[in-house]
Amino acid sequence: MKPEPNSHLQALSQAIVQGLVDEAGPLAEKALDAGLKPLQVIEQACVPAIEEVGRLWEAGDYFLPELIAGAEAMKAAMTVLQEALKSSGQSLKSAGRVVIGTVEGDIHDIGKNMVASMLRASGFEVIDLGADVKVERFVETAEREKADIIALSALLTTTMLNQKRVVELLVSRGLKDRFKVMVGGAPVTEKFAREIGADGYGESAVQAVSVARNLLSGRGGKHD
Amino acid sequence: MSKIRVKLLAGDKVIMAEARPGQTLSRVLFRAGLPIKLYCQGRGICGRCLVEIKSGRLLEETEAERKLRLGRRFPPGFRLACQLRLHQSLTVRIPDDLLLQPEIKNLAGMFPGSDRPALRDFNPLVKKYVLRLSREDLSAEERLVSAIKSGLGLKQLVLSPAAEQKPKNVGASRRQSTAVIYDDRLLLDLEAGRSDDRILGLALDLGTTTVSARLLDLVKGKTLTSASVANLQAAFGADLISRIAFSVEKPGNLKKLQQAALKSIAQLTASLAREAGVKPKWIYAVCLAGNAVMNHILLNQPVDSLGRAPFRPAFLCHDPVPASEVGLKLNPQAMVFISPNLGGFVGGDISAGLVYTGLPDKPGNYLYVDLGTNGEIALKKGKKILVASTAAGPAFEGSGISCGQPALPGAIEYVKWSGGSFEYRTIGRKKPTGLCGSGLLGVLAESLRAGWLLPSGRITAGRSEVPVAPGLALSQIDIRKLQLALAALKSGMRLLLGTAGLDWTELDGLYLAGVFGSSIDPGQCIAAGLLPPLPRRKIIFAGNASLAGAELLLLSGQARKSAARLPLKVQHISLAGQENFQGEFLKALSLGRRYWRANDV
Numbered sequence: 001m002k003p004e005p006n007s008h009l010q011a012l013s014q015a016i017v018q019g020l021v022d023e024a025g026p027l028a029e030k031a032l033d034a035g036l037k038p039l040q041v042i043e044q045a046c047v048p049a050i051e052e053v054g055r056l057w058e059a060g061d062y063f064l065p066e067l068i069a070g071a072e073a074m075k076a077a078m079t080v081l082q083e084a085l086k087s088s089g090q091s092l093k094s095a096g097r098v099v100i101g102t103v104e105g106d107i108h109d110i111g112k113n114m115v116a117s118m119l120r121a122s123g124f125e126v127i128d129l130g131a132d133v134k135v136e137r138f139v140e141t142a143e144r145e146k147a148d149i150i151a152l153s154a155l156l157t158t159t160m161l162n163q164k165r166v167v168e169l170l171v172s173r174g175l176k177d178r179f180k181v182m183v184g185g186a187p188v189t190e191k192f193a194r195e196i197g198a199d200g201y202g203e204s205a206v207q208a209v210s211v212a213r214n215l216l217s218g219r220g221g222k223h224d
Numbered sequence: 001m002s003k004i005r006v007k008l009l010a011g012d013k014v015i016m017a018e019a020r021p022g023q024t025l026s027r028v029l030f031r032a033g034l035p036i037k038l039y040c041q042g043r044g045i046c047g048r049c050l051v052e053i054k055s056g057r058l059l060e061e062t063e064a065e066r067k068l069r070l071g072r073r074f075p076p077g078f079r080l081a082c083q084l085r086l087h088q089s090l091t092v093r094i095p096d097d098l099l100l101q102p103e104i105k106n107l108a109g110m111f112p113g114s115d116r117p118a119l120r121d122f123n124p125l126v127k128k129y130v131l132r133l134s135r136e137d138l139s140a141e142e143r144l145v146s147a148i149k150s151g152l153g154l155k156q157l158v159l160s161p162a163a164e165q166k167p168k169n170v171g172a173s174r175r176q177s178t179a180v181i182y183d184d185r186l187l188l189d190l191e192a193g194r195s196d197d198r199i200l201g202l203a204l205d206l207g208t209t210t211v212s213a214r215l216l217d218l219v220k221g222k223t224l225t226s227a228s229v230a231n232l233q234a235a236f237g238a239d240l241i242s243r244i245a246f247s248v249e250k251p252g253n254l255k256k257l258q259q260a261a262l263k264s265i266a267q268l269t270a271s272l273a274r275e276a277g278v279k280p281k282w283i284y285a286v287c288l289a290g291n292a293v294m295n296h297i298l299l300n301q302p303v304d305s306l307g308r309a310p311f312r313p314a315f316l317c318h319d320p321v322p323a324s325e326v327g328l329k330l331n332p333q334a335m336v337f338i339s340p341n342l343g344g345f346v347g348g349d350i351s352a353g354l355v356y357t358g359l360p361d362k363p364g365n366y367l368y369v370d371l372g373t374n375g376e377i378a379l380k381k382g383k384k385i386l387v388a389s390t391a392a393g394p395a396f397e398g399s400g401i402s403c404g405q406p407a408l409p410g411a412i413e414y415v416k417w418s419g420g421s422f423e424y425r426t427i428g429r430k431k432p433t434g435l436c437g438s439g440l441l442g443v444l445a446e447s448l449r450a451g452w453l454l455p456s457g458r459i460t461a462g463r464s465e466v467p468v469a470p471g472l473a474l475s476q477i478d479i480r481k482l483q484l485a486l487a488a489l490k491s492g493m494r495l496l497l498g499t500a501g502l503d504w505t506e507l508d509g510l511y512l513a514g515v516f517g518s519s520i521d522p523g524q525c526i527a528a529g530l531l532p533p534l535p536r537r538k539i540i541f542a543g544n545a546s547l548a549g550a551e552l553l554l555l556s557g558q559a560r561k562s563a564a565r566l567p568l569k570v571q572h573i574s575l576a577g578q579e580n581f582q583g584e585f586l587k588a589l590s591l592g593r594r595y596w597r598a599n600d601v
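As they're listed, the protein sequences go chains A and B.
For the first sequence, position 3 (counting from the first letter as 1) is numbered 3 according to the working numbering, and the numbering increases by one without interruption.
For the second sequence, position 173 (counting from the first letter as 1) is numbered 173 according to the working numbering, and the numbering increases by one without interruption.
One chain only, chain B, in its complex shape (with noise of 0.2 Å):
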């Protein structure tokens, strides 16, 4: 049979696509490399995938169309891209925002909104549909459900428990109303009249120290503002061990250190909902992405069995929860999606992290390190994916260190020796104030190339410090802490790759996530000792990307099925376990590319 031609317009683009007599034309758009949001997976129902018609002569429109012309008017020349199938040549354009957007090779965004993932298919985790229902739907909860299901085309629906509690909300007297569904599965609510354009999803980093999130429009996947606040836990206890310590000294502890991350969750919600000029209300779907400890704490699960050996986390996957049973002021039917645990102390964070950078379906031998506190690692091999936390403490947040300080305006980012002294750019250009992680990893790597520092650590010469700016200085104390840190990842690392019979220079690429200054320089990543010396191509910096990985969960099926594997895919390793890891931490201690180098794990 002979070939279509299509002429296919998209922004400033023109590509020539054949397609098979009968094809739909968003079929031909994916295999073009042209993927568009199908908002209801192509099932002719949200009238969402509207392109525009230039010229070609065209069947007469699809059933579903012309029910949705009734409903709504769409404008003449517009069809529906997911079910008009091609007979005759034509030339369409696609309106920009119905295009997915391509592959984001380089996710070196340091700062937040930037790092924005890419998408592999549309298929928010929450989708409004408006309807016509009969006084005979309406009549019975039973009957409604199910003249929806049928109506949408859904394999299943069935109620959600938290529109259970109050089931006068399904009941809306108009002849239209809005269905509003969660994961094609979950009828939340049936709102009166029509709002289907009013929906809002919130990305969660419940992180230890730092509350981030993105609120985001799930009709259009767009993102509209990002923020963070401190998580006010910090009260209870500076880090995830002492909240435990907390929670279990009496009861009603639990209590407050979930009331605390409530709180913090409210004012961030409050204030990106001020600034995108929206109402919580809005807000029917959060992705959380948080540590095992925060997710536990946040679902008022206890957390004492994460305190002590084996560190075991009370659930791995976690049901969707109504945040109204959480404690979440959104909207009163709005659910919470967890991203799953893989291990005590490799928690949400990670899976969405995974996730984010696609890593868990790609071919190839990667690894994945989270500079954060725990500093957990992922290697990938195969189709299995090890998992490890180490005890790299807080010293790359510039905690504990005497001139240390989190990545904000003033903090050291970027150091570099040249001509006799350091050379220093700060964040926002401001009068230094302390180094951050990148800065403090700049220093080492620069000492050790401008001899200041011997591979040991030890500050050479007789000297006691590492003077960087004026008024700040690194003590020999301060190098043995980031000695200690670099070793618990470095070790990490090794064991992993030794434990997969894999050498670093098989790695395809290795991903380093994390909240650093902006400036963070691979090459000084390897001369420091930090990361192997692999090619810089290889290494690629994902920034937050748990909070990133929380904005696909909440935007793409596919994550979402990714994210739902990964604990089958997993195998958590006990690092400290491990027979070798007294001497590949002692050796780990050293700086410099001389750890990497020595092939006998």
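For reference, chain A alone in the conformation it holds in the complex (with noise of 0.2 Å):
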């Protein structure tokens, strides 16, 4: 590889671990600009970039606003890699679909927000249905979208009884095979996690990530 492109990646990289939001979308356009091609600058300078991040926030190096910032500079670039992407024909393949949101009666959704972002910038489709969000509303949504995975967030120990109740509810509907649930939130725990018969949980938005894509991996090749 010529020096130059590859210069251009290094940059773009290192903008997303700084969290560098303005930065992130400009050097895009140069890398692209400079000849190379939207899936090289996702696979060589963005998803290495967005990984450098989550280890950052693994390490205690990183906190919420470094990481929510790498979030955001990842977003910033992938908006223009994307848009160059589809002027071409291609399409990036999903990652998988995730509907989340904050259960109701709670309104608490920085947590909420942390980790929609952390799964867009690693490659997932989300659709946020944001807070306070009925029981019914995630399995409609869930079905309507087409969603792989029911993310739920819950603040409170008297709101994350509606989590269970989500999952009640795929059961009851004969649905619980078709999507994978997975919890999270302050007072959650694994344990929680699994007696109310949830597939995945998650400690932090990094962990989130490792979370959704193993609840996948299982799955083989991912529809649109």
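Just so you know, these hints were derived from the structure itself, not from any lab.
Any given hint might turn out to be false.
If the Cβ cut is set under 7 Å, some of the chain A residues that face chain B in the computed set are [unchecked claim]:
{"#": "1", "residue": "Phe63"}
{"#": "2", "residue": "Gly105"}
{"#": "3", "residue": "Thr157"}
{"#": "4", "residue": "Thr158"}
Every residue, glycine too, gets a C-beta built ideally from N, C-alpha and C.
Dock chain one against chain two, each of which comes alone in its own frame, and use the hints as you go.
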């Protein structure tokens, strides 16, 4: 590879790791201008960069502001790159489709937003229903949008029972096998997730990405 | 008309005052800056505002004074300040315990009992009057009430609901009897004989973790003793939300929570009474200052609405309830006054705290921050008060932090970086066992200064912890938890300021309430970034303002009026519902002063 395109990839990668939201988009454009293919930029700059952000989080170097800035920078770059893919008639293979929201009775959504950002940055399609979302709405949206995963956030011990109600509704409608359910939020534990019949639990937004990947890894090729 | 010269002797002070002819001495004292305790609000019926006339010629005793002199001998040379009208120059000595305490400028006292509120008026919630009632007066309930009402010059008087359950109490047949009156409007009891020196009140801060109380003599307006016990509800969940979850799990659980609270209060009352050498049945009034979940549970009201958005309490203001109805074993006729709720997570503890600081009726812009689990914040601007609760979590109570602990002996309460190491001081100068809230804030402030921490919260130079004392170190995860707690409070303050259109530089003061180590340092609060960098004199530590507020509510009619008006003045803001909440919260995660210097809210 010529040194010049390589330096474009490096600059973009660094911008994402450092969470430079305003620079990531223009740097992605520069990479394309230099003749790099969109897929190559995604695979060689963006994906390793967001993985590095996740690694720095796990190591304790990064905290929420750095994590969210990294995800935002990733999003800015990906907007440019996906546009370029589209105009060349290609599209990026989705890592999976996720319906996400904070459950009914709960208005806390920073944690949920973090998970949504990290999932998006990691190639998932995310349908964010916001906060205080009714049980039925999760299930109906997942059906309509042909989602793979329903992700439920709850920040209160009183409202985490609504995570259980979503699982119960899925079971009663015979949909439990169609969607994977993952849960998270400050009071939620792995044990609670198992007890209510959820398929996955993530302690942080970074973990949520690997949990989502694992849940879908057994499924083979993804539909659109 | 010519002025009358009055020489006032109070303590070691001599004050020369002027009076208009015919003015009462109590009015003159008030104008001279020596307000006195007017137990019966100057109606001349209690005989408690006795002052000694040292020299000067006096007019004859008034009718009220003559009556009182018949009933109880008051010493020669003494007159009632509320009745004595001035027509000649004279010299008067005011007994010390008759004076209202002067306004306490600095509320800094951190230890229970030292932050005695400044009384603006003396009007205890329950009062007793010795009466002579005729056989006819005693013949029927209605007659009795009306006789007492007119005898005491009250605007209205009805029989207390608790007294109605036992009408025989209101029928003392002796000639001399003592009427027990709540808030100048409710006849609690008529006791046989004289018992007017025996009225106690209980100021009660019913907290989620700790129940604190002070026992007061409502005749003298004195604090007798104070104590705290653990809230036995902890057996059913550590925090408010888990208590709510427990209460809705099955019927009967709400009652279990109520019983646990009652048991804690009974323990506390018994130990306070023992220490003061009094009997619980002498307690006629309780002022309850508790968060909304706690006051709902004590009153056996369902709390499920407090566990989910929009977190509505079943009541803001609540009528006083008979203690016997609640299940408190005090005087059978005792009443419970409930400090009003201002929102789901801004409860009676906060309204009591606000009343204590006097903030609701003060001109200017003030912030009030309670450093508890919910981290309640109030912002006063003009006539309006905005309130909000934040999810600060229990980090400042030492909970959830690997080396954290409550502010008890052995807790590191103060930390300073000096000469290449952390110097520290523990509560009670004991061997360090952990860090309490003030110590944890100190570590943040000093670590930033010493370069152990970056403003991002990262521990520097590849280290994995900040070692404070032998065996006590803060891990990266501890620091992150403190950052989250700080950010919840900081973003809450900024969002309220933003909603009110105020900048923190326009604040006239900031009250910081909460029970932390006594050594919390305003400089370190600012250096850690918890508080905006206001001049030190504008930061006022209010200690356990809820308990002090409950005490004030027992003693002052003005305080009770101020509390009753609070729900009308207050606007509750849902922080999580604010559009810029997430952005503000993320910015607030940065440590140090930087957050407050940026002007883009």
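field: Enumerated hints in conflict with the structure, sorted upward
entry: Those not satisfied: there are none.
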